[in-house]
Amino acid sequence: MSERTFAMRMRTLLGIFLRGTAMAVALTAVFTADLRNARAAAPAPQGQADDPVVARVDGVEIRESDLQAADRAMGRNLSMQPEGRRDDVINFMIDTVLFAKAAPARSASEQAEIERRVTIARNRIVMEQMLKAAGDDAVNEAAVRKTYDNLIASMTKEPQLKLHMLDFIIPPFAAKSDQGAVEAAAQKAEAAYARIAKGEAFDVVARELSEDPTTKKNGGYRGFVTRAMMGKDIADVAYTLERGKVSRPIRTAAGWHLIMVDGEHELPKPEFQKVRERIEMNLAKQAQTALIERLRANARIERLDVKPTQADAAPKP
1 MSERTFAMRM RTLLGIFLRG TAMAVALTAV FTADLRNARA AAPAPQGQAD
51 DPVVARVDGV EIRESDLQAA DRAMGRNLSM QPEGRRDDVI NFMIDTVLFA
101 KAAPARSASE QAEIERRVTI ARNRIVMEQM LKAAGDDAVN EAAVRKTYDN
151 LIASMTKEPQ LKLHMLDFII PPFAAKSDQG AVEAAAQKAE AAYARIAKGE
201 AFDVVARELS EDPTTKKNGG YRGFVTRAMM GKDIADVAYT LERGKVSRPI
251 RTAAGWHLIM VDGEHELPKP EFQKVRERIE MNLAKQAQTA LIERLRANAR
301 IERLDVKPTQ ADAAPKP
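Going by full-length UniProt numbering, the sequence shown opens with residue 1, and the numbers climb by one from there.
Honestly, the hints are just simulated from the structure, not real lab data. Accuracy of the hints is not assured; some may be wrong.
To be verified - Using C-beta positions, here's what the derived DEER-type ranges look like: (1) 228 - 133: 35 to 43 Å; (2) 302 - 132: 23 to 31 Å; (3) 224 - 125: 25 to 33 Å; (4) 300 - 65: 34 to 42 Å; (5) 51 - 133: 19 to 27 Å; (6) 50 - 276: 25 to 33 Å; (7) 272 - 136: 34 to 42 Å; (8) 187 - 281: 24 to 32 Å.
Just so it is clear, CB atoms sit at the ideal spot from N, CA and C, and this is done for glycine as well.
Whole structure, please, built from the sequences with the hints as guidance.
Below, the structure is given as C-alpha cells:
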C-alpha cells in the first residue's frame, strides 16, 4: 500500500470514528465478531440472496446490509454516492473487524463502557425507527390533500394592495417620553402631504423626505402586501383609501406615515405540487412530536440533576 493510499485510509477511518453514530457500528462489530465467525462457513439461508457477502476478514463476513447500516449511521446513502465512497465504507468495516479481533482482553470497566455506548446507540436507533414510522404513517394522500384544502380555505379573501409609503420615524425611546420629537415628525408629515396635494409626485417627495432607508430609494414603493404585513393602523386606512389618492398622516408606534394605494390583486394560491413536500414534512413532524409528547405523558420521568427551587423545597402547609 502506497503512503498516499495509507494516509487516505487513515483519514477516512479517523473521520468516521469521530462520528458518534459510526462508533456504534464499530462497537457492534466488536460484539458480533465471534457470531460472524460461526456463520462464516454456513451457506446463506433463504432470504439472504439479496444480502450478499461483500468481504471476509479472517472468515468474518461483511454483508451488503452491514454497509448500508454503517452508511445510514453516518447520515449518508450508498445508493447516491460514487463508487469511491462505497470503497471507503467497505474499508472502514474491514478495519473495525481487524481492530475487534486484535483488541486485547478488556477489563470489566472497559467492557461496561462499551456496553453502555452500545445501549445508547441501540436506543437511538429504536427511537429513529419509531419516529420514522410515525411520520410515514401520518403522510398519505388524503391527509396531504386535506391539509392543503384547509390552507386554501384559511387564506384571506382580501386582495393584496400595491402600497406606497412615506415614513417619518420616531425613535422608540422618544415615542412616549419626547413629545417634541413626536410633533416634529408630525409637522414633517403634514409638510410632505401639502407638497403632494399641490401636485408633486408621491415618489419624488418620498425619495427626498422619507426616513425609511429601505424604501426611500424606491420612492416609497413597498410592493404588493397583505393586511397582516401592514399592521392594523396602516391597513385600516389602506383598505378604505381611494385608489391613487394619498392619505392624511397616519400615526403608528413607529412614527408618522403617508400612504398611497394604486393597485391590487388577489392573493395567489399556492399550487398543490409546489407545497406538497412542505405539507408532508409538517405532517410527519406533527406526528413525531405527538408521539414524543404521548410517551412522555405516560411515563414517570424524574430529573435528579435539577435542584429544587426554594418554593419547591418549602414545606407544604
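Taking the hints in turn, this is what the structure says about them:
no. : hint                  : result
1   : 228 - 133: 35 to 43 Å : 37 Å, holds
2   : 302 - 132: 23 to 31 Å : 28 Å, holds
3   : 224 - 125: 25 to 33 Å : 49 Å, violated
4   : 300 - 65: 34 to 42 Å  : 37 Å, holds
5   : 51 - 133: 19 to 27 Å  : 22 Å, holds
6   : 50 - 276: 25 to 33 Å  : 32 Å, holds
7   : 272 - 136: 34 to 42 Å : 20 Å, violated
8   : 187 - 281: 24 to 32 Å : 52 Å, violated
Violated hints, listed in ascending order, are 3, 7 and 8; each of the other numbered hints is respected by the structure.
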